[in-house]
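Student: The lines below spell out each chain.
Number of protein chains: 2
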Amino acid sequence: MKVTILGCYSATPRTLNNPTSQVLEINNRIFLIDCGEGTQVQLRKHKIKFSRIKHVFISHLHGDHFFGLPGLVSTFQMLGRETELHIYGPKGIKEAVLLYLKLGNSYTSYPLIFHELTGAESEIILDDEKVTVSTIPLKHRVYTNGYLFKEKPKERKLNINAVLNYEIDKCYYQNIKNGKDVTLDDGTVVSNEVLTFDAPPSKSYAFCSDTIYKPDIVPIIEKVTTLYHESTFLDKHKHLCAHTKHTTAYEAGSIAKEANVANLILGHYSTRYDNIHDFKKEAQTVFENVHLAEDGKVLEF
Amino acid sequence: MKVTILGCYSATPRTLNNPTSQVLEINNRIFLIDCGEGTQVQLRKHKIKFSRIKHVFISHLHGDHFFGLPGLVSTFQMLGRETELHIYGPKGIKEAVLLYLKLGNSYTSYPLIFHELTGAESEIILDDEKVTVSTIPLKHRVYTNGYLFKEKPKERKLNINAVLNYEIDKCYYQNIKNGKDVTLDDGTVVSNEVLTFDAPPSKSYAFCSDTIYKPDIVPIIEKVTTLYHESTFLDKHKHLCAHTKHTTAYEAGSIAKEANVANLILGHYSTRYDNIHDFKKEAQTVFENVHLAEDGKVLEF
Numbered sequence: 001m002k003v004t005i006l007g008c009y010s011a012t013p014r015t016l017n018n019p020t021s022q023v024l025e026i027n028n029r030i031f032l033i034d035c036g037e038g039t040q041v042q043l044r045k046h047k048i049k050f051s052r053i054k055h056v057f058i059s060h061l062h063g064d065h066f067f068g069l070p071g072l073v074s075t076f077q078m079l080g081r082e083t084e085l086h087i088y089g090p091k092g093i094k095e096a097v098l099l100y101l102k103l104g105n106s107y108t109s110y111p112l113i114f115h116e117l118t119g120a121e122s123e124i125i126l127d128d129e130k131v132t133v134s135t136i137p138l139k140h141r142v143y144t145n146g147y148l149f150k151e152k153p154k155e156r157k158l159n160i161n162a163v164l165n166y167e168i169d170k171c172y173y174q175n176i177k178n179g180k181d182v183t184l185d186d187g188t189v190v191s192n193e194v195l196t197f198d199a200p201p202s203k204s205y206a207f208c209s210d211t212i213y214k215p216d217i218v219p220i221i222e223k224v225t226t227l228y229h230e231s232t233f234l235d236k237h238k239h240l241c242a243h244t245k246h247t248t249a250y251e252a253g254s255i256a257k258e259a260n261v262a263n264l265i266l267g268h269y270s271t272r273y274d275n276i277h278d279f280k281k282e283a284q285t286v287f288e289n290v291h292l293a294e295d296g297k298v299l300e301f
Numbered sequence: 001m002k003v004t005i006l007g008c009y010s011a012t013p014r015t016l017n018n019p020t021s022q023v024l025e026i027n028n029r030i031f032l033i034d035c036g037e038g039t040q041v042q043l044r045k046h047k048i049k050f051s052r053i054k055h056v057f058i059s060h061l062h063g064d065h066f067f068g069l070p071g072l073v074s075t076f077q078m079l080g081r082e083t084e085l086h087i088y089g090p091k092g093i094k095e096a097v098l099l100y101l102k103l104g105n106s107y108t109s110y111p112l113i114f115h116e117l118t119g120a121e122s123e124i125i126l127d128d129e130k131v132t133v134s135t136i137p138l139k140h141r142v143y144t145n146g147y148l149f150k151e152k153p154k155e156r157k158l159n160i161n162a163v164l165n166y167e168i169d170k171c172y173y174q175n176i177k178n179g180k181d182v183t184l185d186d187g188t189v190v191s192n193e194v195l196t197f198d199a200p201p202s203k204s205y206a207f208c209s210d211t212i213y214k215p216d217i218v219p220i221i222e223k224v225t226t227l228y229h230e231s232t233f234l235d236k237h238k239h240l241c242a243h244t245k246h247t248t249a250y251e252a253g254s255i256a257k258e259a260n261v262a263n264l265i266l267g268h269y270s271t272r273y274d275n276i277h278d279f280k281k282e283a284q285t286v287f288e289n290v291h292l293a294e295d296g297k298v299l300e301f
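So the protein lines, in turn, are chains A and B.
Take the first sequence: its letter number 35 is residue 35 in full-length UniProt numbering, and every next letter is one higher.
Take the second sequence: its letter number 48 is residue 48 in full-length UniProt numbering, and every next letter is one higher.
No lab work stands behind these hints, which were simulated from the structure alone.
Keep in mind that this is a model prediction, so the values were computed, not measured.
Heads up, some of the hints might be wrong.
Copies of the same chain look alike in the list, so a pair counts if it works inside one copy or between any two.
Claimed, not checked - As a list, the in silico BS3-like pairs of lysine-lysine whose alpha-carbon atoms are at most 30 Å apart:
| id | residue 1 | residue 2 |
| --- | --- | --- |
| 1 | Lys45 | Lys297 |
| 2 | Lys152 | Lys236 |
| 3 | Lys236 | Lys150 |
| 4 | Lys54 | Lys236 |
| 5 | Lys245 | Lys130 |
| 6 | Lys45 | Lys170 |
| 7 | Lys170 | Lys91 |
| 8 | Lys157 | Lys214 |
| 9 | Lys94 | Lys245 |
| 10 | Lys180 | Lys245 |
| 11 | Lys180 | Lys49 |
| 12 | Lys102 | Lys245 |
| 13 | Lys157 | Lys91 |
| 14 | Lys154 | Lys45 |
| 15 | Lys47 | Lys297 |
| 16 | Lys102 | Lys91 |
| 17 | Lys238 | Lys180 |
| 18 | Lys203 | Lys238 |
| 19 | Lys102 | Lys54 |
| 20 | Lys177 | Lys238 |
| 21 | Lys94 | Lys257 |
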């Protein structure tokens, strides 16, 4: 599982800092999460093939999370895209993108499929043979969802010595990897546990931005491999959270601890801070395994 | 008069090339012309103070000319802007910007004034004590205007020796600079020509992008100091112009020659070309004084 941070700062684009966008590679799927202005250029810089992106997830309709979307949709058209593009985001996103295409008299010739979200509860919005994606209802100044990406449970690993020992025919191997027991010719049942090793654990990634501290997401993101959680402020500016509906680094660390996740990535830093390492220090007072998002950083889990 | 090219390539943003945007400084006014995605970052890179921009002119509603606008409007808000922002552009631009503000529940607290254009003839759209701005009707795939920026005629220069020689009181100086003759106490009329030198010539800038070769703009842009004219293609791809409604470098040179302008800037190059110097060579077969727009280039006239 690989996360490429294309941008991770809040508010306005700056010379060296891009607004929120990231690419998640999980189980051979590629997902673009949020699409602030400049995302196209960041995708090119990091050599991510545009054609591999088939699903875009937008958390909310603030500019620093979606103003790069109309341009990306247009660029796909100019590049001669033919395959479907699925866009998930709050109700309104379809009108937003289609108005810009209409004004430019430049509709797409590839299928552009919108999945507009309005729910207040977590729901599965994508479910294929490799991955499921669910919403994580967040609380911000506008309707906002985080997204939970989970690898489907993987096949158990064949214990080849055991299988050979029982002289089991190859045609049963797939059933065994799927967890089935085997009945031998003499009627003996060989338990699956004897014939296999545990499957490699399924990985999962939770993206939570933007939101006020919201501990009721903990059951949804429990034990994920990696949680990206916004931390716009340090604790010394905690008083700004109520009005702006953002989280401090300490609070992000608390969520990570309560949800018992393996890794926490912090991001969406306010541009008021010169040194983002203070965010790490603060979150680590409550949760150890903290990574700092930085534009262009690639994190593998 | 100073032109800063923030971006000058057509179609999609790329790692090193930005879509169209430029800043014109003329007679102490600053105008932003077009606003492709990434314009904010380019403004910062070139240290152009956001607060100095009070007027934005959008030629047409293709993404590479205006997808940076909602972000710029939002950033002005985040920076605490209080002064008016005037946006000139095709009908639809108001709906486009306001929808994005509405979706983000983030209206501006500064006055945002739209001047939506629908005319088919050149018209004066801004006229203050320093500058007039008129539209230049262009022909592209969607409704498009170029813009003509003209310094107001300047004051004549006082011939101080002549004025002292006639012992003319200082209270008449402003009238003399405005072109008035002076009647002396003995009734003699001293002609203004004797008392002044010619005013420095007023400068002018015509921005023409995007458009098919359209020689009927020549009377509007005649004798401008500097003409920026799109040249998306070289002559060898002239067959692409009719469908895409763009111009070749040769045609841009022809317009410059026919309009008897002093300088021509070429830009809006298709990204298919590796060497933009071929554009200059081609235009120079018909018009000598050709400059090449390049991202970040500053041209003074």
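Student: Now tell me, hint by hint, if it's right for this structure.
Tutor: Hint-by-hint comparison with the structure:
1. Lys45 - Lys297: both (12 Å within a copy, 22 Å between copies)
2. Lys152 - Lys236: Neither: 41 Å inside a chain and 54 Å across chains, both beyond 30 Å.
3. Lys236 - Lys150: neither (35 Å within a copy, 52 Å between copies)
4. Lys54 - Lys236: Intra 41 Å, inter 36 Å, cutoff 30 Å: neither.
5. Lys245 - Lys130: Result: close neither inside a copy nor across copies, 34 Å intra and 45 Å inter.
6. Lys45 - Lys170: Answer is neither; intra-copy 47 Å and inter-copy 64 Å both fail.
7. Lys170 - Lys91: Neither: 51 Å inside a chain and 69 Å across chains, both beyond 30 Å.
8. Lys157 - Lys214: For Lys157 and Lys214, neither the intra-copy (39 Å) nor the inter-copy (70 Å) Cα distance is at most 30 Å.
9. Lys94 - Lys245: both (25 Å within a copy, 29 Å between copies)
10. Lys180 - Lys245: neither (49 Å within a copy, 65 Å between copies)
11. Lys180 - Lys49: Intra 39 Å, inter 69 Å, cutoff 30 Å: neither.
12. Lys102 - Lys245: For Lys102 and Lys245, only the inter-copy Cα distance (18 Å) is at most 30 Å; the intra-copy one is 34 Å.
13. Lys157 - Lys91: neither (43 Å within a copy, 63 Å between copies)
14. Lys154 - Lys45: Neither. Shortest intra-copy (33 Å) and inter-copy (48 Å) distances fail the 30 Å Cα cut-off.
15. Lys47 - Lys297: both (13 Å within a copy, 27 Å between copies)
16. Lys102 - Lys91: Intra 18 Å, inter 12 Å, cutoff 30 Å: intra and inter.
17. Lys238 - Lys180: neither (53 Å within a copy, 67 Å between copies)
18. Lys203 - Lys238: neither (32 Å within a copy, 54 Å between copies)
19. Lys102 - Lys54: This pair counts as both: shortest intra-copy Cα distance 22 Å, inter-copy 28 Å.
20. Lys177 - Lys238: neither (51 Å within a copy, 62 Å between copies)
21. Lys94 - Lys257: neither (37 Å within a copy, 47 Å between copies)
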